[in-house]
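Student: Sequence:
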Amino acid sequence: MNVIDESGILAISTRLQRLSDQLRKDGTLIYKANGIDFEPKWFPVIYTLHLKSILSVVEIASEIGYTHPSTISLLKELEKEKLIRSKRDKADERKRLIQLTAKGQELIERMQPVWKIMVTCLTDLTNTQNNLMQAIIEVEQQMKRSGFFERAERIGPVT
Numbered sequence: 001m002n003v004i005d006e007s008g009i010l011a012i013s014t015r016l017q018r019l020s021d022q023l024r025k026d027g028t029l030i031y032k033a034n035g036i037d038f039e040p041k042w043f044p045v046i047y048t049l050h051l052k053s054i055l056s057v058v059e060i061a062s063e064i065g066y067t068h069p070s071t072i073s074l075l076k077e078l079e080k081e082k083l084i085r086s087k088r089d090k091a092d093e094r095k096r097l098i099q100l101t102a103k104g105q106e107l108i109e110r111m112q113p114v115w116k117i118m119v120t121c122l123t124d125l126t127n128t129q130n131n132l133m134q135a136i137i138e139v140e141q142q143m144k145r146s147g148f149f150e151r152a153e154r155i156g157p158v159t
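Once you know that position 100 of the sequence shown is 100 in full-length UniProt numbering, the rest is easy, because the numbers rise by one and skip nothing.
The set of hints was computed from the structure by calculation and includes no laboratory data.
Note that beta-carbon positions come from the ideal geometry of N, C-alpha and C, so glycine has one too.
Capping the alpha-carbon separation at 20 Å, the derived lysine-lysine pairs in PhoX-like fashion look like this: (1) K116 x K25; (2) K95 x K76; (3) K82 x K52; (4) K76 x K41; (5) K103 x K87; (6) K76 x K52; (7) K76 x K103; (8) K76 x K87; (9) K103 x K41; (10) K82 x K41; (11) K25 x K41; (12) K82 x K103; (13) K80 x K103; (14) K80 x K41; (15) K32 x K116; (16) K90 x K52; (17) K32 x K82; (18) K116 x K41; (19) K41 x K52; (20) K52 x K103; (21) K52 x K87; (22) K52 x K95; (23) K103 x K32.
Quick list of simulated restraints, FRET-style, between CB atoms: (24) K25 x R151: 30 to 38 Å; (25) G65 x R154: 18 to 26 Å; (26) T159 x Q112: 51 to 59 Å; (27) M1 x L23: 18 to 26 Å; (28) S7 x R151: 17 to 25 Å; (29) S146 x G35: 39 to 47 Å.
All chains, full assembly: derive it from the sequences and hints.
Tutor: Next comes the structure, spelled out in C-alpha cells:
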C-alpha cells in the first residue's frame, strides 16, 4: 500500500483519477484488440450523437456534462478525424449543429459489439459489495444538492 492509498478519503480525487486512467488505458487496448482506432475520451460525444443524431455545441456540452471549451476541444479532434461534421443552424446562424459523418456511423456499427463486451466486463468489475456505479450515482446526487466546496464553506475557514 502506498501513501495515497493510506491517506483514505483525502485522496479520493487522486484515486478516482487513477481508476479512470486505468479504465481508459484498458479501454484503448480493448478497442485496439478489436481493430478499432478509437480514443476513449471521444466516447461521450460519439455516444451522445449516436443516440441524438444532431445537436448544437451547447446541447452536447450539457448532455456530456463538460464545459463549453472542453467540448469544443473534443469536437475539433473528432472533426479532424472526420467522425463528425458541423453545419450552421438555418434558424440561428450563430449556432453550429453537430452530427456523425458516414465514417462516424460506420465506427459506431463496429463498436457496438465491443461495447457489449465492455458492459459485461465493467458490470463484473463493479459488482462488489459496495457497487461502484451505485455509489457514483449517490455521490453525484449528493453533490447536486450541495457540493464539496459548499460543504467546506459551511464548516468555515481554518482559524
